[in-house]
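Student: From just these sequences and the hints, can you work out the full model?
Which chain is which? The protein sequence lines are Y and S, in order.
Mapping the first sequence onto this note's numbering, position 9 (from 1) lands on 15, and the numbers just tick up by one.
Mapping the second sequence onto this note's numbering, position 56 (from 1) lands on 61, and the numbers just tick up by one.
Just so you know, the hints here were simulated from the structure itself, not pulled from any lab data.
Incorrect hints may have been included.
[Stated by the list, open to error] Derived DEER-like restraints, expressed as beta-carbon distance ranges:
{"hint": "1", "chain 1": "Y", "residue 1": "F45", "chain 2": "S", "residue 2": "D32", "range": "20 to 26 Å"}
{"hint": "2", "chain 1": "S", "residue 1": "S23", "chain 2": "Y", "residue 2": "T62", "range": "44 to 50 Å"}
{"hint": "3", "chain 1": "Y", "residue 1": "Q111", "chain 2": "S", "residue 2": "T87", "range": "35 to 41 Å"}
{"hint": "4", "chain 1": "S", "residue 1": "S48", "chain 2": "Y", "residue 2": "T78", "range": "17 to 23 Å"}
{"hint": "5", "chain 1": "S", "residue 1": "P91", "chain 2": "Y", "residue 2": "M16", "range": "32 to 38 Å"}
{"hint": "6", "chain 1": "Y", "residue 1": "T62", "chain 2": "S", "residue 2": "A7", "range": "19 to 25 Å"}
{"hint": "7", "chain 1": "Y", "residue 1": "D98", "chain 2": "S", "residue 2": "G58", "range": "23 to 29 Å"}
Every residue gets a Cβ at the ideal spot worked out from N, C-alpha and C, and that includes glycine.
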Amino acid sequence: LAKTTQPISMDSYEGQEVNITCSHNNIATNDYITWYQQFPSQGPRFIIQGYKTKVTNEVASLFIPADRKSSTLSLPRVSLSDTAVYYCLVGDTDKLIFGTGTRLQVFP
Amino acid sequence: GAVVSQHPSRVICKSGTSVKIECRSLDFQATTMFWYRQFPKQSLMLMATSNEGSKATYEQGVEKDKFLINHASLTLSTLTVTSAHPEDSSFYICSARRAASSYNEQFFGPGTRLTVL
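Tutor: This is the structure in structure tokens:
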């Protein structure tokens, strides 16, 4: 399972776009990239998943460069309710190994 | 769709007692369920993988005799913390993989906060 590296924390203000980058230099050919969001005292919630290029859903966008050694989760116009921990996971099996995650704090 | 519930949401018990936590997939069948533990301000740590009808696979360092896992049906897995001690106090989270899900897409329960006095 590829190891991931993310910033420990990020701060933003309401209405701004937030980009959280994850490094996964040892990503394997079959690995997918998945992002989860976790609020305090709750289970993680699936945000988005991708393999290459760009993926967009109603919540976020995921940008993956051609070499796939990193990925960027983009949250458009964050609000206070987006304050949470965001986890980047890489793998091709059911087993999810969570890294430290990025603690995003959104200020008014 | 794809809702996972846990019961109880929080439990307080005395040291030495056993506690059972249930994880249910409410609207889908889950051949595989997972159990995680999370300490305050830390990330989730995978404890074990639970497959319906077979023995659970435990991660290194997790005592299988202390954390008993049963996956008796396609919608229910249980975690029993036997002879609980204060150091077992933690947030326990289960997840379930729907058969038709893409890789890594697991649906998580709301978690169970265990406090051992």
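Student: Next step is simple, just say for each hint if it's right about the structure.
Tutor: So, going through the hints one by one against the coordinates:
1. A hinted range of 20 to 26 Å for the beta carbons of Y:F45 and S:D32 is consistent with their spacing of about 22 Å.
2. For the pair S:S23 and Y:T62, the supplied restraint of 44 to 50 Å holds, since their beta-carbon distance comes to about 47 Å.
3. Separated by about 39 Å at the C-beta atoms, Y:Q111 and S:T87 satisfy the suggested range of 35 to 41 Å.
4. In this structure the hint that S:S48 and Y:T78 lie 17 to 23 Å apart at CB holds, the actual value being about 20 Å.
5. Range check, S:P91 to Y:M16: Cβ separation about 34 Å, and the 32 to 38 Å hint holds.
6. Distance hint check for Y:T62 and S:A7: the Cβ-Cβ separation is about 20 Å, which falls inside the suggested range of 19 to 25 Å.
7. Under the hint 23 to 29 Å, the C-beta atoms of Y:D98 and S:G58, about 24 Å apart, fit the expected range.
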